[in-house]
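Trainee: The task is simple: from the sequences and hints, build the whole structure.
Top line first, the protein sequences correspond to chains B and L. So in this note's numbering, spot 119 of the first sequence is number 119, and the numbers just go up one at a time. For this note's numbering, count along the second sequence from 1 and bump the result up by 1000.
Keep in mind that the hints were calculated from the coordinates and are not lab data. Just to be clear, a hint being listed does not mean it is correct.
[What the hints assert, rightly or not] Some chain L residues near chain B, calculated using beta-carbon distances under 7 Å:
no. : residue
1   : PRO1075
2   : VAL1078
3   : PHE1081
4   : PHE1083
[Claimed, not checked] Computed footprint of chain L on chain B, listed as stretches where at least three residues anywhere in the stretch have a Cβ under 8 Å from a Cβ of chain L:
no. : region
5   : 40–46
6   : 176–186
[To be verified] Restraint ranges, calculated between C-beta atoms of paired labels, are given here:
no. : chain 1 : residue 1 : chain 2 : residue 2 : range
7   : B       : ALA20     : L       : ALA1118   : 51 to 61 Å
8   : L       : ALA1235   : B       : PHE103    : 20 to 30 Å
9   : L       : ARG1244   : B       : PHE103    : 47 to 57 Å
10  : L       : PRO1077   : B       : ALA164    : 43 to 53 Å
11  : B       : PHE103    : L       : LEU1230   : 55 to 65 Å
12  : L       : ASP1129   : B       : PRO125    : 52 to 62 Å
13  : B       : ASP162    : L       : ALA1064   : 24 to 34 Å
14  : B       : ALA93     : L       : PRO1077   : 31 to 41 Å
15  : L       : LYS1070   : B       : ALA93     : 52 to 62 Å
16  : L       : THR1113   : B       : THR243    : 45 to 55 Å
17  : B       : TYR250    : L       : HIS1251   : 39 to 49 Å
18  : L       : ALA1033   : B       : ALA164    : 20 to 30 Å
19  : B       : VAL201    : L       : ALA1118   : 46 to 56 Å
Note that CB positions come from ideal geometry on N, CA and C, so glycine has one too.
Here is how the chains run, residue by residue.
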Amino acid sequence: MRTREVMKPERNASSALRLAPSMASALVLIAVLAVWEWAVGAFGWSELVLPPPSTVTKALWSGLVSGYFWPHIMQTALEVVLGLVIGGVFGFACGLALGESTFGRHVFMPYVVASQVMPKLALAPLLTVWLGFGTLPMVAITALVCFFPLLESTMTGVSQADAARLELFRMLGATRWQTLWRLKVPIGMPSVMAGLRMAVVLALVGAVVGEFVGGSEGLGALIIAAQGSMDTPLMFAVLILITAMGLLLYLGALWVQERLLRPYAAAQSGN
Amino acid sequence: MAMHDFFLDMRNVHFGYSHGAPVVDGVSWAMTAGAFHCLLGRSGCGKSTLLKLAAGLLLPDQGAVLLEGKSLRRPGPVTGFVFQSPTLLEWLTVLDNVLLPLSLRGTPEPADTARARALLDELGLADMDHRYPAQLSGGQQSRVAIARALITQPRLLLMDEPFAALDALTREALQDALLDVCRVHGTSVLFVTHDIAEAVYLADRVAVMDRGRIVHAQDIGLPRPRPAKLRHDAAFNGYCSALRQVMDATHELANVGR
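Mentor: Following this line, the structure appears as structure tokens:
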């Protein structure tokens, strides 16, 4: 949002120069792909080690057209979305509760910190033992990964209300519930959104790594399968799919953020 | 006049935080309805704390604060408060900020919205309803804060150095706007400031505070309504220099919070 504002005068001044960075980054990609393609042929590297971009593109295309990828894409997307929603909602709710209750914070913070330090992905094998194979353990691990960023950012966010505005709400006879929802949550919203952006990225990591360990379907499971059959082009193709999914998720989070923070943004942009 | 005829009556009020000297040390002060009083003092003299006691935001350790004859136990709808900073909610429009006190009690009626618009008009903010606070100047934000405090039609308005952060010209314009709007609505005002000229221009009566006590009380016998040129009047300057002499004898305290 802010970057765009800063860019505006420049764009008017010299639109040719403004285009240069995005042109340049596209050129970088093309150059890297060209060198890669050329090097694989020139040095005679095996496709098992490093397939050329053309082979990867072929694998990606045929997987998409034949419909081979789609069930896996849907599976991973399902895990990510369900995990994000469940973990996010729980994280937000617990963040509110801990943000509101000093006693609760004192009691639970040591455990929160401990479970934050522990790598949640290391729980994947245990969760497959408990919950079996399939969608459920993957959703659980994704939710667990998303829980903490939202918990942390919500807790920090709702404690940012300044003394004067809290006093204002006391003066106006607001209930505790009103002070939370009409003052502390709106003040904390930018912080909550920062937590959501982090959770979205981590959710994909959670789902894919979960599938490495215990999945029979999904993009992570597909990578393991490709490894087993020594199909390196397939592996690259799946990596591209995962990256694309991550970008889409991130853009989705930015969209949600822009909608929720629109009043704040309107204040900044002056219209 | 009997004691219970006072609108706001603070009787021998003491207040202190657990450690250190009392912040408010035996203050008695009374206001009749419709009066405009100023509490004048240096930083740390206890004037803001006294104002919060009058608001019911703090409760006295000893003594009593009576509002309309009843002991004040908590902030009530009779009182409006304007803080040092405008304390607007930046995610709400100007109109919604003004309506906040009402929307906390239920959905505002169309009549409330009309009243909010009228108040904004009176305070010189016509056509600003749908702006956001960050799009306003400091003076305009202060005007919105005053409108918000007045939307509940409080009988008493408590103001804690609301114009301290504004430039001199804006401050004078706001003082005039405040006097007008309070005269129209018949609102009593207790106004905290460290600015002598501001106190003299606004008040019927000025109390000078020092180290938690009221050390001097001064009636201001200037005519109302007060024109802007009054600021250059000999009588006006006489009151200012008299209060200045009292202030010079007071003590500057280290910043001990409020």
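Trainee: A separate judgement is required for each hint: does it hold in the structure or not?
Mentor: Status of each hint after checking the structure:
no.	hint	verdict
1	PRO1075	holds (5 Å)
2	VAL1078	violated (11 Å)
3	PHE1081	holds (5 Å)
4	PHE1083	holds (5 Å)
5	40–46	violated (count 0)
6	176–186	holds (count 4)
7	B:ALA20 with L:ALA1118: 51 to 61 Å	holds (54 Å)
8	L:ALA1235 with B:PHE103: 20 to 30 Å	violated (59 Å)
9	L:ARG1244 with B:PHE103: 47 to 57 Å	holds (51 Å)
10	L:PRO1077 with B:ALA164: 43 to 53 Å	violated (20 Å)
11	B:PHE103 with L:LEU1230: 55 to 65 Å	holds (56 Å)
12	L:ASP1129 with B:PRO125: 52 to 62 Å	holds (59 Å)
13	B:ASP162 with L:ALA1064: 24 to 34 Å	holds (31 Å)
14	B:ALA93 with L:PRO1077: 31 to 41 Å	holds (33 Å)
15	L:LYS1070 with B:ALA93: 52 to 62 Å	violated (41 Å)
16	L:THR1113 with B:THR243: 45 to 55 Å	holds (50 Å)
17	B:TYR250 with L:HIS1251: 39 to 49 Å	violated (59 Å)
18	L:ALA1033 with B:ALA164: 20 to 30 Å	holds (28 Å)
19	B:VAL201 with L:ALA1118: 46 to 56 Å	holds (50 Å)
In terms of the numbered hints stated before, the structure departs from hints 2, 5, 8, 10, 15 and 17, listed from lowest to highest.
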